[in-house]
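Peer 1: Protein sequences appear in the order of chains A and B.
Residue numbers for the first sequence follow my numbering, so the first one is 10 and each next one is one higher.
Residue numbers for the second sequence follow my numbering, so the first one is 10 and each next one is one higher.
Think of the hints as simulated: they come from the structure by calculation, not from any bench.
Check each hint, because a few of them may be wrong.
Intra- or inter-copy, both count: the list cannot distinguish identical chains.
Stated by the list, open to error - Under the rule of at most 20 Å between Cα atoms (straight-line distance), these lysine to aspartate or glutamate pairs were calculated in the EDC-like manner: (1) K88 - E173; (2) K91 - D36; (3) K192 - E181; (4) K148 - E188; (5) K192 - D70; (6) K88 - D70; (7) K91 - D70; (8) K17 - D36; (9) K148 - D199; (10) K17 - E99; (11) K108 - D38; (12) K108 - E160; (13) K21 - D48; (14) K91 - D199; (15) K192 - E177; (16) K88 - E160; (17) K26 - E11; (18) K148 - E122; (19) K148 - E174; (20) K148 - D48.
There are 2 protein chains.
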Amino acid sequence: MEEGNLFKQWKKQCLNKLDLSKKGSIDRDISHVVSLLNDSDYYFTTSSCSGRIILIDGVSDCTDVQKQNCSWLFVTHEKCQKEDVITALEKSSGDAVFKFEPCVLHVQCRQLENAQLLHSVAINSGFRNSGVTVGKKGKTIMAVRSTHCLEVPLSRRGRVLVSEEYIEFIVETANNKMEENLKRIERFYDCLRAALDPEQVNKSCLTEEQTQKKPVYRRRRKRAERERPDSDCGLQNQSENEQQDDLDSELTLFN
Amino acid sequence: MEEGNLFKQWKKQCLNKLDLSKKGSIDRDISHVVSLLNDSDYYFTTSSCSGRIILIDGVSDCTDVQKQNCSWLFVTHEKCQKEDVITALEKSSGDAVFKFEPCVLHVQCRQLENAQLLHSVAINSGFRNSGVTVGKKGKTIMAVRSTHCLEVPLSRRGRVLVSEEYIEFIVETANNKMEENLKRIERFYDCLRAALDPEQVNKSCLTEEQTQKKPVYRRRRKRAERERPDSDCGLQNQSENEQQDDLDSELTLFN
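Work the whole structure out from these sequences, hints included.
Peer 2: Pasting the structure below:
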């Protein structure tokens with residue numbers, strides 16, 4: 010079957026399937042990204058999560074790092090309060106772990122070049138653990154992933170090992186990460202929109218680094234862009250000079 | 010320049026460069042994997058870490074999630090003792106965070122099919138966040154990455170917020186993760202060796218799932234292998250039925 014038609018068929022099958030996630034619906038804070046991708050002829054999403062703060066209860070004395078034996082005490086896709094965690098912790102009978110997990114998105118791409126474009130957008134938005142999978146039947150999946158997380162054991166065999174002050178602190182830490190996570194999703198959306206619609210190339214699409222620099226840097230960058238009229242808006246190459254023990258970054262990208 | 014020669018040139022340049030990591034040498038527990046890859050005509054490593062347990066001191070009240078403002082109080086690539094952490098924590102003047110980070114490996118591959126093979130080996134060994142980057146100049150990088158980590162804030166503005174009992178607990182938790190991490194590296198090495206040397210296809214190369222099952226499962230699997238004589242040793246396809254909110258896994262791999 011011709012490649013374009015095969016992709017369309019996969020897309021139709023996927024988008025018609027029931028949502029098998031625990032939640033059963035797409036997270037609000039990523040729904041615009043999902044819509045943008047699914048409206049394109051070159052992509053469709055196979056799974057998504059806007060990021061979450063969770064408290065899970067694991068089986069005590071179980072060194073198996075898989076999640077099969079965990080029950081969920083609390084979950085939110087927004088910021089949370091310390092009271093949420095304290096209340097949920099009262100239900101713990103095993104080893105409760107408080108976690109922040111950033112946005113994850115799996116996107117099937119029509120061709121490798123589409124995956125490359127999406128990968129570039131993801132990296133520039135701060136999702137530095139993103140990567141592509143190419144299957145034997147030609148299924149190309151781009152996984153949008155971030156590195157910043159939180160994983161904090163709070164109880165052991167049902168006994169809480171930390172103070173309320175500490176819980177307040179880690180809730181605040183998780184909320185800061187959630188805030189940064191949501192900013193990254195917005196950067197991703199803006200860069201993706203610019204990348205998919207060439208007529209919108211003049212709209213603001215700044216990389217993660219650029220949003221943290223002073224305004225004068227933005228003006229210099231725009232001068233450089235005028236000198237290289239064929240450069241893509243906002244799609245900068247990452248430096249190859251990352252230190253080898255920087256576990257967060259992808260090396261040698263689009264150069 | 011012909012593709013094979015270009016790859017050889019990149020490989021030579023890379024392997025002749027100085028090790029720019031903080032440590033300045035390849036970690037002992039991954040050196041055999043690195044050697045195996047660098048001995049192959051189809052791969053070379055660009056960065057590696059066998060996994061580590063670290064205590065870093067971040068600047069207080071800084072919501073910037075980047076690592077630039079952190080100092081390292083303690084680092085080890087093996088298991089650690091609670092005394093290591095307690096001693097290091099005394100030097101904290103900001104927000105100290107205790108972390109376990111699993112093995113990470115970046116491998117440049119000659120062609121996409123080489124990356125696909127390596128990806129399959131990585132996923133089957135438990136490195137479920139692995140993915141490929143394909144650059145414009147044809148540089149194909151496979152990043153071997155795992156999901157299980159630990160990130161535990163311990164102090165705020167230099168004040169330790171947890172008890173010694175808690176530190177002992179998280180050290181034990183990190184050590185368990187390090188142990189699982191080292192097992193994954195060994196599985197990866199065995200599967201990689203089998204994948205690169207067809208004559209060794211009869212040697213044991215079990216996936217992560219298989220090592221956790223009872224022996225009777227192994228015998229059934231070998232019967233299935235005899236029925237499918239062309240199947241690769243140990244390279245199983247992952248099920249597509251992973252739930253959408255399982256953030257750890259790659260979907261729709263080699264099918």
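Peer 1: It remains to establish, for every hint, whether it holds in the given structure.
Peer 2: How the hints compare with the structure:
no., hint, in the structure
1, K88 - E173, "within (18 Å within a copy, 29 Å between copies)"
2, K91 - D36, "neither (22 Å within a copy, 40 Å between copies)"
3, K192 - E181, "within (17 Å within a copy, 35 Å between copies)"
4, K148 - E188, "neither (33 Å within a copy, 34 Å between copies)"
5, K192 - D70, "between (38 Å within a copy, 19 Å between copies)"
6, K88 - D70, "between (31 Å within a copy, 18 Å between copies)"
7, K91 - D70, "between (27 Å within a copy, 19 Å between copies)"
8, K17 - D36, "neither (24 Å within a copy, 46 Å between copies)"
9, K148 - D199, "neither (26 Å within a copy, 27 Å between copies)"
10, K17 - E99, "neither (49 Å within a copy, 59 Å between copies)"
11, K108 - D38, "within (19 Å within a copy, 28 Å between copies)"
12, K108 - E160, "both (4 Å within a copy, 9 Å between copies)"
13, K21 - D48, "within (12 Å within a copy, 44 Å between copies)"
14, K91 - D199, "neither (33 Å within a copy, 46 Å between copies)"
15, K192 - E177, "neither (23 Å within a copy, 36 Å between copies)"
16, K88 - E160, "both (16 Å within a copy, 18 Å between copies)"
17, K26 - E11, "neither (23 Å within a copy, 45 Å between copies)"
18, K148 - E122, "both (13 Å within a copy, 13 Å between copies)"
19, K148 - E174, "neither (48 Å within a copy, 49 Å between copies)"
20, K148 - D48, "within (19 Å within a copy, 30 Å between copies)"
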